[in-house]
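**Q** Make the full structure from the sequences, and use the hints.
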Amino acid sequence: MWSSGRSRSRANTWIDYGIKRQIKIVFKLEEVSKSFGDQTVLQPTSIDFQTGKSTVLIGPSGCGKSTLLRLLAGLLTPNSGRVLFDGVEMNPRNIMQMRHRMGYVIQDGGLFPHLTSAQNVGLMARHLGWSDQQVQIRIDELADLTRLPRPALDRYPAQISGGQRQRVGIMRALMLDPPVMLLDEPMGALDPLVRYDLQEDLLKIFRALNKTAITVTHDMGEAGFFGDHVIMLGEGCIVQQGKLEEMILHPANDFVTRFVNAQRLPTLPNARSSS
Amino acid sequence: MSSRIASLLVGLFGYLICFSGQLGTSTVQAQAPQVGIGSKSFTESVILGEVLSHLAKNTGAQVRHRAELGGTQILWQALITGEIDAYVDYTGTIREEILADAAREGTKIESEGDMRNALAARKVVMSERVGFNNTYALGMRRSIAQRLGITKISDLTNHPELELGFSDEFVERKDGWRPLKEKYGLPHTRIKVMDHNLAYRGLEKDSIQVADLYTTDPEVKYYDLVALEDDLAFFPVYYAVVLMRDDLTSRAPRVAEAIMRMQGLIAPEEMSSMSVQVRLDGRQETIVAGEFLNNKLNLGIALPQEGRWVEFNKIIERIVSTTGEHLFLVLMSLGLAILTAIPLGILASRNEALGQTVLGVVGVIQTLPSMALLVFVMPLFALFGMGIGPAPAIMALFLYSLLPIVRGTYAGIKQIPAAVRESAEVLGLDTRARLRLVEMPLAQPSILSGIKTAAVINVGTATIGALIGAGGYGSSILTGIRLNDTSLILQGAVPAAVLALVVQHGFGLLEKKIVSPGLQSA
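Read top to bottom, the protein sequences are chains B and P.
Note that our numbering has the first sequence beginning at 135, numbered continuously upward.
Note that our numbering has the second sequence beginning at 500, numbered continuously upward.
These aren't lab readings, by the way, just hints derived from the structure by calculation.
Hints may be right or wrong, so weigh each one.
Derived pair list, reagent style SDA-like, types lysine to any residue, alpha-carbon separation capped at 25 Å [unchecked claim]:
(1) P/Lys622 x P/Leu647
(2) B/Lys377 x B/Glu319
(3) P/Lys556 x B/Gly355
(4) B/Lys338 x B/Pro385
(5) P/Lys1011 x B/Ala292
(6) P/Lys913 x B/Thr211
(7) P/Lys951 x P/Gly1005
(8) P/Lys1012 x B/Ala292
(9) P/Lys913 x B/Lys338
(10) P/Lys1012 x B/Lys162
(11) P/Lys913 x B/Lys162
(12) B/Lys187 x B/Asp220
(13) P/Lys913 x B/Ile159
(14) P/Lys622 x P/Lys813
(15) P/Lys913 x B/Asp220
(16) B/Lys338 x B/Gly355
(17) P/Lys607 x P/Phe733
(18) P/Lys1012 x B/Lys338
(19) P/Lys682 x B/Lys162
(20) P/Lys913 x B/Gly221
(21) P/Lys951 x P/Val1001
(22) P/Lys913 x P/Arg935
(23) P/Lys913 x B/Asp335
(24) P/Lys795 x P/Gly559
(25) P/Lys1011 x P/Lys795
(26) P/Lys913 x B/Gly355
(27) P/Lys795 x P/Met625
(28) P/Lys1011 x B/Gln293
(29) P/Lys673 x P/Glu611
(30) P/Lys795 x P/Thr785
(31) B/Lys338 x B/Ile159
(32) P/Lys1011 x B/Asp220
(33) P/Lys951 x P/Gln914
(34) P/Lys1012 x B/Asp288
(35) P/Lys1011 x B/Arg204
(36) B/Lys162 x P/Glu924
(37) P/Lys795 x P/Leu830
Restraint ranges, calculated between C-beta atoms of paired labels, are given here [as the list claims (entries may be wrong)]:
(38) B/Glu164 x P/Arg931: 55 to 63 Å
(39) B/Glu223 x P/Leu879: 51 to 59 Å
(40) B/Asp274 x P/Arg920: 27 to 35 Å
Since this is a predicted model, take the numbers as computed values, not measurements.
Backbone N, C-alpha and C fix where the C-beta goes; we use that ideal spot for every residue, glycine too.
**A** What follows is the structure in C-alpha cells.
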C-alpha cells in the first residue's frame, strides 16, 4: 500500500462506514433532459449509478458529459425528468444538505485564491462548526492520503504547482468524508508525469475508502484506468456503456469506433490497423 | 477589522447626533434670543453681515453669523427655513432671482412696493434701502470729469474724443455696453476690452478716460473716481435692503428693531470706504463694521484686537480647526456611503436588470453640479433645523461617494471566476456564507480601491462645504479668493492636497494589511 499503517487503519474504518449505509443506487436519473435556449445538450436519459462503483463519463467535447455531471451536483436543474440522490428527488431546498455528502473536483482544483491550501480544505468543516483540533487532525490525514507536501498547506493556490493544487482540490472534496465523488476532468490541466502519479493515487483512495466515483474525461486511458463502468456519450445521448474493453472490441457503432481510434498511441504505430 | 470600522462609524454618528442636539437645545433658551445672520461670499456682503451682527448683538442677543454662504439661492433657502433670520440682498437680485417665479406667474414685480408685498406673502420683511446702490456705472477720474464738466452719462455725447475701456463681461451683457450706447446715443465707436483690474490702471495712466465699474468697488475711492449719474436710468438698480423673517418681530422685537436701523444707515462712500479697508488695507470685517457703527451710531461696541491670518499661531489654529471640520465631512459621508454602497453593489451583482438601474442612478448623481445638489438637499435638512452646516454637505458628499464604491463592489464580485463561484456553491455553502467567506474577500481589493477613489474625491469635493457654512478647507480657500489673499488660499489648498496624499497612502497600507496575501501575489 501507499502509506503508513496508521492511515491505513483509519481508511478501514471508513470502509466499514461505507458498507453500513447499504445503499445500492446512489444517483438515479429518470428521463432527464437539459437544453440551453433551443439547443438540447442532453436528450432524455435514464442512468443508475451504483454505490461503491467507479463510473466514467466519456465522449468528445459538447457530448453532454459535463452537463450530466453538473445535473448530478445540482448546479443545473433538468428541463424534464428527475434526479434522485439516495432515493430523494433533488430540489433547491435539500440540495445544500445533499452537497455535504458529495465531493466535487474540477480541472485545476477551483481553489479559493484568497485562502491557503489548509484554509481551502477546512473551510466547509469550520463553517459547520468543527473545532480547530478536529479540522487539523482531518487535514493531516488527508495530506497523508493525497501525498501533499506539508509546506504546501500554508501556501496560497498561486504559490503551489498545478499538481499540488489538484491534490488540495481533492482534499477539499474529501474533507467531510462524502460517500460520493464527482470529478470533472480532474487531470485536464496536468502534465503527463504529474497526471500519471495522481491517477494512481486517486484510484487507491477511491478503492481504500470505497467511494462511489463519477468521473468525466475525454481520455480513453484514464477511462479504462478509473472506470468499473464506462458510459460513452455523443450528441446528448448514451452511445454505449459497459466495460471499456467491450467498447474497443465490440463498438456499438461508427461513432464509438471513430472515438476509440482517435486516441493516438505513439508507441504502437500499428494500433490503428490492428483494431 | 470590520467591527473596528463599525465602532468608528458609531462614534461619528454619535458626534452628529450631539451636534444636532446642541442646535436643538440652544434654540430653547428663552433669555437671550438666538439670531442667525447670513452673508454671501463677497466682501461687501460679509461686511454688511458683520454690521447686522453687531446691531443684533448689541441688544444682548446671541448672534451667529453664517458668513460666505454660496449664493442667493442658499441664503434664501436658509432664510425661508429659519436657519438665518436676516441678511442683506439687492433689489435687482430680489427681482431677478428670488421673485423670478412670482413674476413668471404674472404677479407684477416692478416697484420696491411690489417686492415688499410679494416677500411679505413669503413671511419675509424687506426693509427700506440701506442707502447705496451697488450696480454697474461708468466712471472717470474725478479731476478729468471736473475739468470737462461731465457729471452724467449723457454728458459723454459731447466728448467723442474720450477713450473707453470695458471688461469683456460688460461688453457682452444684455444690460451692458451696446444697449447703453443705443439708449444714450453715444458717439464712441472704438472701445478697448480689458481686464477689470487693468481698466483701473488705464484710468490712472490716462490711457483710457472712462471705464465700467461697480458703484461700491473699493477702487472707486482708491483711484479717486466718480461714478457718472445714470440720468436715463439705464442700469438696473441694485439697492441694498435687509431681508428679515417676519417672525423675528414677535420672537425678538428688540433685535428686529435694531436690525431695521440699517435703513438709510450706509451711504455709498461709507460702503466703499469699508470695502477699501478690508480689501486694500487687509483689516478684519468685524472690526471695520464695528468701528463704522461706533462712529455713526455711537454704540460703543468693544472690538477685538486687530490681527490677520499671517500670524503663525493663528495659521496653526485655523488649519487645525478646518482640518477637524474637513475630516468630519469626509469621514461621515464616506462612512455612510460605505454602509449604503456595498449592499447596493452586492444587490446589483445579483440581478442584471437591477444592477444596471443602480449603476445608472448613482452615475447620474455623479454628474449633478455640487451647487445644484446642495440647493436640492438643503430644504430636506432644513426640516430638522440642519439646513445650514455640515449635514447637507455630508449628504451631497455621500451621494457623490456612491458611484465608485457601488461600482467597485459590483465589479469585484462580477470578476470572480465561474469555477471559483461554483466551487463555493458545490461545497454546500449557502448564499450568505458564500458571500461572507468567498465573494466578499475576493472582491475586497476592488471594493477597497472604490472606497479609496471615493475618499480622495471627497477630500477635494468637501471644500464645497464652505458654501453652506460647514467649514473645512474650503472656507480658507473661499475667503482667500474673496480677499485676494494667497496665503489664506494656500492654508486651505495645501492641507487639502496633503490630506489627499495621506488618504491615498493610507489605503495602500490598509490594503497590504487586510487583503489576503493570496490575492496580492496573484
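**Q** Confirm or reject each hint.
**A** A quick look at each hint next to the structure:
Restraint check: the Cα-Cα separation between P/Lys622 and P/Leu647 comes to about 50 Å, which exceeds 25 Å; the hinted pair is violated. Taking the CA atoms of B/Lys377 and B/Glu319, the gap is about 20 Å. The hint holds against a cut of 25 Å. Distance restraint check for P/Lys556 and B/Gly355: the Cα-Cα separation of roughly 97 Å exceeds the 25 Å cut-off, and the hinted pair is therefore not satisfied. Distance hint between B/Lys338 and B/Pro385 is unfulfilled; the C-alpha atoms sit about 29 Å from each other, more than 25 Å.
Restraint check for P/Lys1011 and B/Ala292: satisfied, since their Cα atoms lie roughly 17 Å apart, inside the 25 Å limit. Of the pairs offered as hints, the one joining P/Lys913 and B/Thr211 holds, with about 23 Å between alpha carbons and a cut-off of 25 Å not exceeded. Only pairs whose Cα atoms come within 25 Å are accepted, and P/Lys951 paired with P/Gly1005 is accepted, the gap being roughly 9 Å. With a C-alpha separation of about 19 Å, the suggested pair P/Lys1012 and B/Ala292 falls inside the 25 Å cut-off, and the hint holds.
In summary, the hint linking P/Lys913 to B/Lys338 is not supported, as the alpha carbons are separated by about 39 Å, beyond the 25 Å threshold. At most 25 Å may separate the alpha-carbon atoms for a hinted pair to count; P/Lys1012 and B/Lys162 exceed this at roughly 49 Å. Restraint check: the Cα-Cα separation between P/Lys913 and B/Lys162 comes to about 35 Å, which exceeds 25 Å; the hinted pair is violated. Taken as a hint, the B/Lys187 and B/Asp220 pair is honoured in the structure, with Cα atoms around 15 Å apart against an allowance of 25 Å.
With a C-alpha separation of about 38 Å, the suggested pair P/Lys913 and B/Ile159 falls outside the 25 Å cut-off, and the hint is violated. The straight-line distance between the Cα atoms of P/Lys622 and P/Lys813 is roughly 41 Å, outside the 25 Å bound, and the hint therefore fails. About 35 Å separates the Cα atoms of P/Lys913 and B/Asp220, which puts this hinted pair outside 25 Å; it is violated. Proposed proximity of B/Lys338 and B/Gly355 is supported: the alpha carbons are some 17 Å apart, at most 25 Å.
In summary, the hint linking P/Lys607 to P/Phe733 is supported, as the alpha carbons are separated by about 20 Å, within the 25 Å threshold. Distance check on the hinted pair: P/Lys1012 and B/Lys338 sit about 42 Å apart at the alpha-carbon level, beyond 25 Å; violated. A threshold of 25 Å between alpha carbons decides the hint, and for P/Lys682 with B/Lys162 the separation of about 98 Å lies outside it, so the pair is violated. Under the criterion of a C-alpha separation no larger than 25 Å, the hint pairing P/Lys913 with B/Gly221 is inconsistent with the structure, at around 36 Å.
Taking the CA atoms of P/Lys951 and P/Val1001, the gap is about 11 Å. The hint holds against a cut of 25 Å. Restraint check for P/Lys913 and P/Arg935: the C-alpha separation of about 15 Å stays at or below 25 Å, so the hint holds. Taking the CA atoms of P/Lys913 and B/Asp335, the gap is near 36 Å; set against the 25 Å cutoff, the hint is violated. Restraint check: the Cα-Cα separation between P/Lys795 and P/Gly559 comes to about 20 Å, which is no more than 25 Å; the hinted pair holds.
For the proposed pair P/Lys1011 and P/Lys795, the alpha carbon gap of about 65 Å is over 25 Å, so the pair is violated. Note on P/Lys913 and B/Gly355: the hinted pairing is violated, with a Cα-Cα distance of about 38 Å set against a maximum of 25 Å. Taken as a hint, the P/Lys795 and P/Met625 pair is honoured in the structure, with Cα atoms around 23 Å apart against an allowance of 25 Å. Only pairs whose Cα atoms come within 25 Å are accepted, and P/Lys1011 paired with B/Gln293 is accepted, the gap being roughly 18 Å.
Using a Cα cut-off of 25 Å, the hinted pair P/Lys673 and P/Glu611 holds, with the two alpha carbons roughly 22 Å apart. For the given pair, P/Lys795 sits about 15 Å from P/Thr785 by alpha-carbon distance, which is consistent with the 25 Å threshold. For the suggested pair B/Lys338 and B/Ile159, the alpha carbons sit about 22 Å apart, so the restraint of at most 25 Å is met. Between the alpha carbons of P/Lys1011 and B/Asp220 the distance comes to roughly 47 Å, so the proposed pair goes past 25 Å and is violated.
For the hint pairing P/Lys951 with P/Gln914, the CA-to-CA distance comes to about 19 Å; that is within 25 Å, so the pair holds. Proposed proximity of P/Lys1012 and B/Asp288 is supported: the alpha carbons are some 18 Å apart, at most 25 Å. Among the hinted pairs, P/Lys1011 with B/Arg204 is inconsistent with the structure: their alpha-carbon atoms are about 38 Å apart, more than 25 Å. Taking the CA atoms of B/Lys162 and P/Glu924, the gap is about 22 Å. The hint holds against a cut of 25 Å.
Using a Cα cut-off of 25 Å, the hinted pair P/Lys795 and P/Leu830 is violated, with the two alpha carbons roughly 47 Å apart. Between B/Glu164 and P/Arg931, the C-beta spacing of about 33 Å breaks the proposed range 55 to 63 Å. Range check, B/Glu223 to P/Leu879: Cβ separation about 54 Å, and the 51 to 59 Å hint holds. The supplied range of 27 to 35 Å is met by B/Asp274 and P/Arg920, whose beta-carbon atoms lie about 29 Å from each other.
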